[in-house]
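*Asks:* Single-letter residue listing:
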Amino acid sequence: MIEAQSVSLTIGTANLVDRVDVTIAPGRVTAILGPNGAGKSSLLSLLAGERKPSGGQVSLSSKPLSQWRANDLARRRAVVPQSAQLAFPFTVEQVVRLGFALTPPPPKQRADIVAQAMAEADITHLRDRPLPTLSGGERQRTHFARALAQLAANDDGQPAYLLLDEPTASLDPAHQHGLLASLRSWVRRTNGGAAVVLHDLTLAARYAQDVLLLSHGKVAAQGAMADLEGAVLERVYGIGFDRLTDSAGQALYVARGL
Amino acid sequence: MVRAAFVVLPLGLVLVALLGLALGSAAIPIKAVALWPFDASVLTAQQKLIMDNIRLPRVMLGLMVGAMLAAAGAALQGIFRNPLADPGLIGVSAGASLGAATMIVLGGEHLAGPWALPLAAFVGAVLATLAVYGLGRRHGMVSPPSMLLAGIAVNALAGAGIGLFSYVGDDLQLRQLTFWTMGSLGAAGWSTLTPSLLPIGLSLAGLLALATRLDVFALGEREAFHLGLDPRLMVRLAVGLTCLGVGTAVAAAGPVGFIGLVVPHLVRLVLGAGHRVLLPASMMLGAILLVGADTAARLLAAPAELPVGLLCSLLGAPFFLWLLRR
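These protein sequence lines map, in sequence, to chains A and B. If you're matching positions, the first sequence starts at 904 in my numbering and goes up one per residue. If you're matching positions, the second sequence starts at 32 in my numbering and goes up one per residue.
Check before you lean on any hint, since a few could be wrong.
Stretches of chain B that chain A covers, calculated by requiring three or more beta carbons in the stretch to come under 8 Å of a beta carbon on chain A [to be verified]:
| # | segment |
| --- | --- |
| 1 | 101–114 |
| 2 | 147–155 |
| 3 | 245–252 |
| 4 | 258–267 |
Bear in mind the hints are in silico, worked out from the structure with no lab data behind them. Glycine residues also receive a C-beta, built at the ideal position from the N, C-alpha and C atoms.
Construct the entire structure; sequences and hints are all you get.
*Replies:* As structure tokens, then:
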């Protein structure tokens, strides 16, 4: 598992992440929630090993991330960025293949891995299109497929981890659910763990077993979405939420308006 | 498309090399040039002299410098993640020229061994690249506008330095300096070619070996780290190899412009962005264009010759403008 122990990130005088404890466990989806500037992306970058914490530490399989080689780490965790600017006109399929460019699986498996990852992200029909010509949502799905391909290529039996930074931000409703459903099925299938930054509480309630609610870099609440109190949500987000139940009996969170 | 390109480009390379060897103020029949490696007796003694001492080193140097500049352009565009990067625009060539100028004027005769100029040009190229890379970053990310502005400043500074050296230099040094700033293969001989072989060969081979990493790097520094790359090490390696090669190429032929910018652009348009295709194809096309341009430069003003750098800029600049407009 990925374990953050009292991890902090300070840049200048700003405490972006302030003594956060969180565990990304195999077989579970953890949603990271919080208003803009709460430190969600900063926490994710610490979990990814991309930045060094100013305090505390993050470890994967009980070994601090700072002691992992970038290449070994890439076999065990993948990251779906909020938005990645691609400098050159690589095609969708080329980008998905980049997922395992530095950690290549046996040549025979490559085409299957790419095909399956593209199918999961529903981008198979875009495979030959240059990435810069696609819409924001299509690009996001491509990066999701790239991350799936990266981890599928390194299936050595050890649980792998997917970290996603607002992967649903530019997706239409069908693809929001599609992406999170395929994330959950990836978690079940591979016994991997996932941490996903979300703004939509309804999606968090439906697809994440655990939530971590951040406010000003600190943990405001932690646990199952259903146990999150309305008063805490209102205090953190500065707006109240109504918790409704849809026709299928699933929770819906609707902001009340100011 | 890729397969066709890897048939057409080597053929073009052979053709342009044959033409480059055959054409010039004293023309040699192309058939004799083609047969010469197998049967030395097809050439007259005088032709053999021209071939051995003038044409062969010149064409070989042209091939190497052309390949090097194009590969450097492709690699720098990959490192800066910007299709506008080019050894000329971001100041690498200017830095190398300033290094060479420093050596010509201040080095004196005892320092002017065959390795002194390439070494000075290399140091100049490294310093210029580090300055541009350092100044062109904002919050740990390469920022293209700052990078280009830094390149302009480095170019201006290097230009001023070269101007200063031409002001204080004597007549001979002035002539040598003028040669650097225009770019020409005219001084090519075995004495310029031999010391260039190893550094350029190393740089080309090293850049080819980095192709997959450059692909990954195109996604961004963070994303490259997520995929298992140590981005800092990669940037250092690629910048070091590029400076080594460009420094050597500039020391031997002066700052020949636009090949590094235009060639990777063209290749990317036709063959896509993957560096495993882009780098070797750019090397071949760069070599073809430079040797072709050099041959044209010899013929256009025969028996005198145009500096090939001048010709490349004359043709390359309008072509680049056309690329920008489409």
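*Asks:* So which of those numbered hints doesn't the model satisfy?
*Replies:* Number 2 - this is the single hint that the structure violates.
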